[in-house]
Amino acid sequence: MNVDTRNKVFSAVIFCIILLLAALLRLDGLTSESAWVDEFIAINHAAGHPLNAPQPDRPDDVLLFPAPSPASLIGASPWNAAWSSVRDDIHPPLYFQVLRLWLNSFGDSDSAARMLSVVCSLVAIVLFYDVCRLLHRRPTALWACALMALSLTQIRYAQEARNYAMITALSLLACSAAVRIERLGGNLRRYLALFVAALTLPLTHYLSIVPLLALSIYVLIRLQRQHNRPAMRGVIIAFVAAGALFLLIGGPVLWHQRQNAEQVNLRFDREPGRLQRTLERVSTIPARYIGDTLDSNPLTTARITGQFARATWPLAPMIIVYVVPLMVLRRRPDLLLWVLLLLAGIAPVIASDLMRETGNLQLIRYALLGAPAAFALTAASLSHLRNPILAHAFPVLMLIFAACVLPMKFQSIKPDYRDLVAQLRVAASPDDAIVIAGSDPGPWYLMTMYQGVMRYLYPAPCPVAVITHVPDEPLLAQLRARRRLWVVWGSQTLDPSSVLPGARHQIVGEYRNLGFLMRIELPGGSATTAQLSTSRPSSQ
215 MNVDTRNKVF
225 SAVIFCIILL
235 LAALLRLDGL
245 TSESAWVDEF
255 IAINHAAGHP
265 LNAPQPDRPD
275 DVLLFPAPSP
285 ASLIGASPWN
295 AAWSSVRDDI
305 HPPLYFQVLR
315 LWLNSFGDSD
325 SAARMLSVVC
335 SLVAIVLFYD
345 VCRLLHRRPT
355 ALWACALMAL
365 SLTQIRYAQE
375 ARNYAMITAL
385 SLLACSAAVR
395 IERLGGNLRR
405 YLALFVAALT
415 LPLTHYLSIV
425 PLLALSIYVL
435 IRLQRQHNRP
445 AMRGVIIAFV
455 AAGALFLLIG
465 GPVLWHQRQN
475 AEQVNLRFDR
485 EPGRLQRTLE
495 RVSTIPARYI
505 GDTLDSNPLT
515 TARITGQFAR
525 ATWPLAPMII
535 VYVVPLMVLR
545 RRPDLLLWVL
555 LLLAGIAPVI
565 ASDLMRETGN
575 LQLIRYALLG
585 APAAFALTAA
595 SLSHLRNPIL
605 AHAFPVLMLI
615 FAACVLPMKF
625 QSIKPDYRDL
635 VAQLRVAASP
645 DDAIVIAGSD
655 PGPWYLMTMY
665 QGVMRYLYPA
675 PCPVAVITHV
685 PDEPLLAQLR
695 ARRRLWVVWG
705 SQTLDPSSVL
715 PGARHQIVGE
725 YRNLGFLMRI
735 ELPGGSATTA
745 QLSTSRPSSQ
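Mapping of the sequence shown onto the working numbering: residues 215 to 754, in sequence order.
Worth flagging that the hints you see were computed from the coordinates, not collected in a lab.
Be aware that a few hints might be false.
Claimed, not checked - Below, a list of computed lysine to aspartate or glutamate pairs in the DMTMM-like style, where the Cα atoms sit at most 25 Å apart:
(1) Lys-623 <-> Asp-252
(2) Lys-623 <-> Asp-242
(3) Lys-623 <-> Asp-633
Kindly produce the complete structure, drawing on both the sequences and the hints.
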C-alpha cells in the first residue's frame, strides 16, 4: 500500500469517526424537549391544514368534546394537500410535502418528525466533505467537517422538525455538483444533480435563491477561466431550466403568498444604537454558527435579545473568517466559493435589518445558509502556511470552543408541554373541563398552546375550550356545570378574572417557558373549592 492510498484510508476512517460522532450528538436528546410553535406549524402544513383557513372544529370560545389535535396527522387532509397548505404562510411547500410523506411512513411522533432533519444534517456533512476535499486537501476537509459535526447550532436545527437541515443539505448538493463540474468536468449525472438542487432549494426556502445566484457566479467564473465552454453551456442550461420549472411549479404559491410578509410576526429593532447592534451581531456570526443556543422566540418566557452576541463579543477575533480570506483570495482561488456563499448567506438578513428596522440577525437561523462557508473558511484560510501549527491553529481553537459550548445543548427555551399534560392526565376527569386562556399576547398564542397541549393529551379526558375573551352566558353555564375547571393560563399576569369574571384560582403548577396550570372556581359553579385563593405560590 503506497503513501497516497494509506492517506486516503486514514482520511476515510477519520471521516467515518466524525460522522458517527455527529450522528450520536444529533440523536442524543432528540426527544428530550416538547415540540414548539415552529414544529406545530410544520406538522400542520404536512397534515394539509392552512394556517388561517376556517376550521369548524376549532375550540375558540366553545367547549368541545372530543377536542381535535391539529398538530398531528389525526384528521389530516389527503397527502398532496400539504403543497397547497402554505398559501397563508411565507414558506415554500417542498419541505412540508416531504415531511408528510416521511410522517406517513414513520408516524407523527416527535422522534419521527425530527429524524428527517437528523438524516438531512448527516447527509449535509457527507456532501460538505466531498466539496472541501475537491477544493482543498483532505486534512482541511476533515477539520471543516469536524466543526460542522460539533456545531451546537447545527445540532440544534438537526433536532427540529423544520426545513433548516434540509436546505443545508440541498445547498451542499448544489455545491458538490458545481465543484465536480469545475474540477472533474461535466457529465449528465452532475448536470442533473445541479438541476435538482437548484430546483428544490427555492422550493424549500426562498432565502436560498441568493446563495444559488452566488454559486452560479462562482462556477461560471471558474469555467470561463478554464475556457470550458461545453461545461458552461451545461451549467447555464441546468440553472435556467431549474428557474423556469420553479416558476411553473412554485410561482402560483409564491404569487398567493406575496402579501403575507406583512402578516408575519416581525422582530423589530427601533431603539437607538441599532447600527452598532447590527455590526455586533454580524461580527459574532462565526461564533454563533458554532454555538448559538439562545435563538429566542416570543412564545417563550426566556429572556429575549442578543445575549449570546454580547457574550461572544470578546471572541470578535473570529472576524478572521471575514478578513483573512479577502487578503489571500488572489493567490487562493479555492476560497472564492466560500467567500461568495458566506456573503450570500448573511447579506440578505443584514439588508432586511437595515432597511426594515428589524432585528432578524438575533436569530441565527435566518443566516444559517452561510454556516458551511464559515466552517470551510475557518479550516482553510490559513492552511497554505508552511508551519503546520499555524496552519491548523485556528480550526483547533474553534473545535475547543465548540466542545466548551456543547453543554449548552441542555439549556432549554422551549415550552414544557409534556409535564403540563402529565399533570392534566393525573388530575382531570370526564366530569371536568380544560380551559386554555390568557390576557396576552393574543388568540394566536392561545391556539399555539392548544396545539401543544392536544398534541400530547389527545384524546382529552374531558371537554376543552380556548377562551379568547370573556365568554357569553351559555358558555359560562357550561363551565359552571363541570365538576372542576383546569385552566392552562398563558399570561404573565396571574389574574384569570380578566377573562373569567369573578374566578378564584389556585395554582397547581408552573411550567417552563409556557405558563401555569390553575384550578378555577366560577361564581355559582358546582366545584367544591373552599381552599382556593388568589395568592400566588412560589414558582417551581
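Structure-based check of all given hints:
{"no.": "1", "hint": "Lys-623 <-> Asp-252", "result": "holds (19 Å)"}
{"no.": "2", "hint": "Lys-623 <-> Asp-242", "result": "holds (10 Å)"}
{"no.": "3", "hint": "Lys-623 <-> Asp-633", "result": "holds (20 Å)"}
Hint check: no violations occur; every hint is consistent with the structure.
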